[in-house]
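A.B. asks: Here's the letter readout for the chains.
There are 2 protein chains.
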Amino acid sequence: MTNASIITIGDELLIGQVIDTNSAWMAQQLNKAGIKVIRRVAVGDTHDEIWNALDEESSKANIILITGGLGPTADDITKPLLCKYFNGKMITNKEALENVTMLFEKVFKRPMNERNIKQAEVPDTCTILLNKRGTAPGMWFEKNGKIFVSMPGVPHEMKGLMEEQVIPRITGLFSLARITHRTLVTFGVGESLLAEMITDFEEKLPAHIKLAYLPNYGIVRLRLTSTTPEKDSNEQEIDALFKELQEIVKDCIVATEDEPMEKTVGRLLLERKKTVSTAESCTGGYIAHLITSVSGASSYYEGSMVTYSYQAKENLLKVKKETLEKEGAVSEAVVQEMASGLLKHMQTDYAIAVSGIMGPGGGTPDKPTGTVWIAVAGKHNQMTKKFHFRFDRAKNIQLTAMNALNLLRQFILSEEIKS
Amino acid sequence: MTNASIITIGDELLIGQVIDTNSAWMAQQLNKAGIKVIRRVAVGDTHDEIWNALDEESSKANIILITGGLGPTADDITKPLLCKYFNGKMITNKEALENVTMLFEKVFKRPMNERNIKQAEVPDTCTILLNKRGTAPGMWFEKNGKIFVSMPGVPHEMKGLMEEQVIPRITGLFSLARITHRTLVTFGVGESLLAEMITDFEEKLPAHIKLAYLPNYGIVRLRLTSTTPEKDSNEQEIDALFKELQEIVKDCIVATEDEPMEKTVGRLLLERKKTVSTAESCTGGYIAHLITSVSGASSYYEGSMVTYSYQAKENLLKVKKETLEKEGAVSEAVVQEMASGLLKHMQTDYAIAVSGIMGPGGGTPDKPTGTVWIAVAGKHNQMTKKFHFRFDRAKNIQLTAMNALNLLRQFILSEEIKS
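Just so you know, the sequences run in chain order F and B. Take my numbering: the final residue in the first sequence is number 419, and no numbers are missing along the way. Take my numbering: the final residue in the second sequence is number 419, and no numbers are missing along the way.
Incorrect hints may have been included.
Stated by the list, open to error - Taking lysine to any residue and the SDA-like style, the derived pairs with C-alpha atoms no more than 20 Å apart in a straight line are:
{"#": "1", "chain 1": "B", "residue 1": "118", "chain 2": "F", "residue 2": "194"}
{"#": "2", "chain 1": "B", "residue 1": "109", "chain 2": "F", "residue 2": "194"}
{"#": "3", "chain 1": "B", "residue 1": "210", "chain 2": "F", "residue 2": "77"}
{"#": "4", "chain 1": "B", "residue 1": "106", "chain 2": "F", "residue 2": "390"}
{"#": "5", "chain 1": "F", "residue 1": "344", "chain 2": "B", "residue 2": "159"}
{"#": "6", "chain 1": "B", "residue 1": "274", "chain 2": "F", "residue 2": "132"}
{"#": "7", "chain 1": "F", "residue 1": "321", "chain 2": "B", "residue 2": "392"}
{"#": "8", "chain 1": "B", "residue 1": "204", "chain 2": "F", "residue 2": "115"}
{"#": "9", "chain 1": "B", "residue 1": "418", "chain 2": "B", "residue 2": "384"}
{"#": "10", "chain 1": "B", "residue 1": "118", "chain 2": "F", "residue 2": "192"}
{"#": "11", "chain 1": "B", "residue 1": "159", "chain 2": "F", "residue 2": "216"}
{"#": "12", "chain 1": "F", "residue 1": "159", "chain 2": "B", "residue 2": "392"}
{"#": "13", "chain 1": "F", "residue 1": "118", "chain 2": "B", "residue 2": "198"}
{"#": "14", "chain 1": "F", "residue 1": "395", "chain 2": "B", "residue 2": "392"}
{"#": "15", "chain 1": "F", "residue 1": "385", "chain 2": "B", "residue 2": "108"}
{"#": "16", "chain 1": "F", "residue 1": "36", "chain 2": "B", "residue 2": "46"}
{"#": "17", "chain 1": "F", "residue 1": "386", "chain 2": "B", "residue 2": "108"}
{"#": "18", "chain 1": "F", "residue 1": "132", "chain 2": "B", "residue 2": "369"}
{"#": "19", "chain 1": "F", "residue 1": "118", "chain 2": "B", "residue 2": "191"}
{"#": "20", "chain 1": "B", "residue 1": "132", "chain 2": "F", "residue 2": "391"}
{"#": "21", "chain 1": "B", "residue 1": "109", "chain 2": "F", "residue 2": "252"}
{"#": "22", "chain 1": "B", "residue 1": "395", "chain 2": "F", "residue 2": "393"}
{"#": "23", "chain 1": "B", "residue 1": "210", "chain 2": "F", "residue 2": "344"}
{"#": "24", "chain 1": "B", "residue 1": "132", "chain 2": "F", "residue 2": "192"}
{"#": "25", "chain 1": "F", "residue 1": "159", "chain 2": "B", "residue 2": "390"}
{"#": "26", "chain 1": "B", "residue 1": "395", "chain 2": "F", "residue 2": "133"}
{"#": "27", "chain 1": "F", "residue 1": "386", "chain 2": "B", "residue 2": "110"}
{"#": "28", "chain 1": "B", "residue 1": "109", "chain 2": "F", "residue 2": "187"}
{"#": "29", "chain 1": "F", "residue 1": "132", "chain 2": "B", "residue 2": "191"}
{"#": "30", "chain 1": "F", "residue 1": "106", "chain 2": "B", "residue 2": "190"}
{"#": "31", "chain 1": "F", "residue 1": "60", "chain 2": "B", "residue 2": "59"}
{"#": "32", "chain 1": "B", "residue 1": "263", "chain 2": "F", "residue 2": "393"}
Stated by the list, open to error - Cβ-to-Cβ under 7 Å is the rule here; a few derived chain B residues that face chain F:
{"#": "33", "residue": "15"}
{"#": "34", "residue": "24"}
{"#": "35", "residue": "62"}
{"#": "36", "residue": "115"}
Claimed, not checked - If you anchor each label on the Cβ, the simulated ranges turn out as follows:
{"#": "37", "chain 1": "B", "residue 1": "46", "chain 2": "F", "residue 2": "105", "range": "47 to 57 Å"}
{"#": "38", "chain 1": "F", "residue 1": "111", "chain 2": "B", "residue 2": "173", "range": "26 to 36 Å"}
{"#": "39", "chain 1": "F", "residue 1": "60", "chain 2": "B", "residue 2": "88", "range": "20 to 30 Å"}
{"#": "40", "chain 1": "B", "residue 1": "318", "chain 2": "F", "residue 2": "259", "range": "32 to 42 Å"}
Simulated from the structure, these hints should not be mistaken for laboratory data. Virtual Cβ for every residue (Gly too), placed ideally from N, Cα, C.
Turn these sequences into a full structure, and let the hints steer you where they fit.
C.D. replies: Below you can see the structure in the form of structure tokens.
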């Protein structure tokens, strides 16, 4: 099977100042195309480290994709190194220079400097991959039957090059395996409990089909992967197993395709032509952000009141001063009043309200850090639930948002069962 | 100099279903402790790949940190493999078993199964690192003078083990180099233009001090790193250079320490005892999320109105129907009215209002996708600015939020110059 290794270059990766999101995206694209990623390696902007990584990874994989180290500044040494590695000499590429010139004239609207012009130079031993989104071109090299592709580390530039040039070229060259995934999204049941439910199923899987567990913030995704030669591709087999898996864990299924919770909930609302609004205290707008990160959310999402203070809760959501004083902001009564106030104000079919203590400070003996109340309201019913999360601020916020969206999902579905 | 390599294990990393945030955090901690990370490698849940990675990385580094593959399910093969690699046999660790039992009784509140009990087994050739936050213990091995530490991949479990056990043990064993960083956060000037401003400064840097450029969403962080033996540590040298650097780029400095924009803005407000609220259309709560991700934001942040629809803008922010109809939601007049309405409603010192078209759809010939209007208002003044971003939805949202926060920062500072 054709396989690939991804090398990312940059000191920033090794001191932890940036999180590498490129590799995950690249791995997804390669997998979809039937190329197995066997390793991902990050090295610094250091000559020997980069050189050794090129040697080592090309001894293991057929395709070596390289990102980063192509910027215009002195700490970026990848291009001259690749020139030496592939025994070339630097030449100015006419098309690349035209592209850089155009970008400065039309997009950046400022004069080019010498460093920018140098961006159009490439080794004469590569095939240039024109980068319409930035000044550093992609470079395609071949050596001892292996393919090496160097791309800039700027995510949208790398993505453009991958989609438009790298993947089409690779799929044209290799006879690739077919990798088929089916992903089931579950919520609320832990990894080991799920594993116990699935033991028998897992044991009888054929060798070319693997099951993986991917836990993340209350969600566990169960992924079946079938790897077969292109000609043997048989989707019926994996579909039948996927159906069987759904039957086994049916009580905790959120979605039968790999999509985030906010997309699943959005789809439910869209299908029913319903709308929702949110009232957020402790999550501070994060639920709204998740919902609106889905393109087209304006069809079902009206807006959010992020009421971080007591006063905002009173003024905007008409939560009673007595309730706040008697029960405290983190209480069932307050989230109920927040949800009712919001429904009236926003005139949506559903409302979500959350209030909690995310930490690190703010906890009390009877309301420790991590205590959260969530209310979901419809026109005729309300549903509330108390949680106690035990993590850091960022994770507590994410878990609250996930549980709030899941509660809305359950509320919508339960209304249908009743009616 | 003592160096380390990080191995992350899991098929999910190689098919791109999860983004590896652990490695970046671990690299930060190691750097702070004076340990240089020279490589990061991700491999799948495959025997030979893991085995080879252990061999290879230990031939390059003194310390090998390993995360992942320790879960209770069948796809997690790291523990038995480590047992074989270090010639041990599996034994149940009493303390680890007590910990697992306690977690199930007190925290998860459900019965243990056999897989859970197996989590307390470790190779007899390791020193166990008790994991109070989860069921999989950390394991410390030594072989041929190299240190290997295996930790679970769950971020907060790994972080707890690193902070409480791994870092203290390592710093106790090695005489470490001193790595000192100084980071300058700049905004609004591109990497190559900055590089041109800094050329002379960069050329005269001594060999043990490096300068790196870290661009991210309009921000470029400039990082000076000094690496010296512990005894030669001389902070004055890097501090003097850092001051010089600040002088060169003084017009675009946001902060003189490595902190996110939302923290810088929060600090400005806190120091001045001022408050802010936000009215968000296109960013859908993301600005509120950034502000409230900083612990203690309740001292200066009142809340947000996420008004995703026309109606919400009219009802909540009292934007005039005529203005919306005549100018459209994405217009200078509308963000001005949003900001004024918000200031009245929320009674804060400052208000931020944004409205734009984030894509992929929604653009028109005179308001193409990526058009954004931002208004910042104080009690006596307003400031508006138009932007045109050219990226995907997620990046457009992030750029809008960053620019909105930066505009508030500039507004606050400009008020002081005036008064």
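A.B. asks: Take the hints in turn and mark each one as holding or not.
C.D. replies: Outcome of the hint check:
1. 118(B) <-> 194(F): 16 Å, holds
2. 109(B) <-> 194(F): Within the cut-off at roughly 16 Å; holds.
3. 210(B) <-> 77(F): Measuring from Cα to Cα gives roughly 14 Å; hence the hint holds.
4. 106(B) <-> 390(F): OK: residue 106(B) and residue 390(F) at ~13 Å, within 20 Å.
5. 344(F) <-> 159(B): Violated - the C-alpha atoms of residue 159(B) and residue 344(F) are around 44 Å apart, more than 20 Å.
6. 274(B) <-> 132(F): Distance of about 44 Å is beyond 20 Å: violated.
7. 321(F) <-> 392(B): 43 Å, violated
8. 204(B) <-> 115(F): Holds. Residue 204(B) to residue 115(F) sits at ~19 Å (cutoff 20 Å).
9. 418(B) <-> 384(B): 18 Å, holds
10. 118(B) <-> 192(F): 11 Å, holds
11. 159(B) <-> 216(F): Roughly 16 Å between the alpha carbons, so the hint for residue 159(B) and residue 216(F) holds.
12. 159(F) <-> 392(B): Status holds; Cα separation ~11 Å.
13. 118(F) <-> 198(B): Holds: residue 118(F) and residue 198(B) sit about 18 Å apart, inside 20 Å.
14. 395(F) <-> 392(B): With a Cα-Cα distance of about 26 Å, the restraint between residue 395(F) and residue 392(B) is violated, given a limit of 20 Å.
15. 385(F) <-> 108(B): 17 Å, holds
16. 36(F) <-> 46(B): Between residue 36(F) and residue 46(B) the Cα gap is close to 13 Å, so the pair holds against 20 Å.
17. 386(F) <-> 108(B): 15 Å, holds
18. 132(F) <-> 369(B): 18 Å, holds
19. 118(F) <-> 191(B): Since the Cα atoms of residue 118(F) and residue 191(B) sit roughly 15 Å apart, the hinted pair holds (cutoff 20 Å).
20. 132(B) <-> 391(F): At roughly 12 Å apart (the allowed maximum being 20 Å), residue 391(F) and residue 132(B) satisfy the hint.
21. 109(B) <-> 252(F): Measuring from Cα to Cα gives roughly 19 Å; hence the hint holds.
22. 395(B) <-> 393(F): Given that 20 Å is the threshold and the Cα spacing comes to 24 Å, the pair is violated.
23. 210(B) <-> 344(F): 59 Å, violated
24. 132(B) <-> 192(F): It holds: about 18 Å lies between the C-alpha atoms, which stays within 20 Å.
25. 159(F) <-> 390(B): Between residue 159(F) and residue 390(B) the Cα gap is close to 14 Å, so the pair holds against 20 Å.
26. 395(B) <-> 133(F): 14 Å, holds
27. 386(F) <-> 110(B): Holds - the C-alpha atoms of residue 110(B) and residue 386(F) are around 18 Å apart, at most 20 Å.
28. 109(B) <-> 187(F): 17 Å, holds
29. 132(F) <-> 191(B): Judged against 20 Å, a Cα distance of about 18 Å means the pair holds.
30. 106(F) <-> 190(B): Roughly 16 Å between the alpha carbons, so the hint for residue 106(F) and residue 190(B) holds.
31. 60(F) <-> 59(B): 17 Å, holds
32. 263(B) <-> 393(F): Cα-Cα ~15 Å, so holds.
33. 15: This interface hint holds because 5 Å falls under the 7 Å limit.
34. 24: 4 Å, holds
35. 62: With a closest approach of 15 Å, the residue 62(B) hint is violated.
36. 115: 5 Å, holds
37. 46(B) <-> 105(F): 47 to 57 Å: For residue 46(B) and residue 105(F) the Cβ distance comes to about 50 Å; the hint holds.
38. 111(F) <-> 173(B): 26 to 36 Å: 54 Å, violated
39. 60(F) <-> 88(B): 20 to 30 Å: 28 Å, holds
40. 318(B) <-> 259(F): 32 to 42 Å: 37 Å, holds
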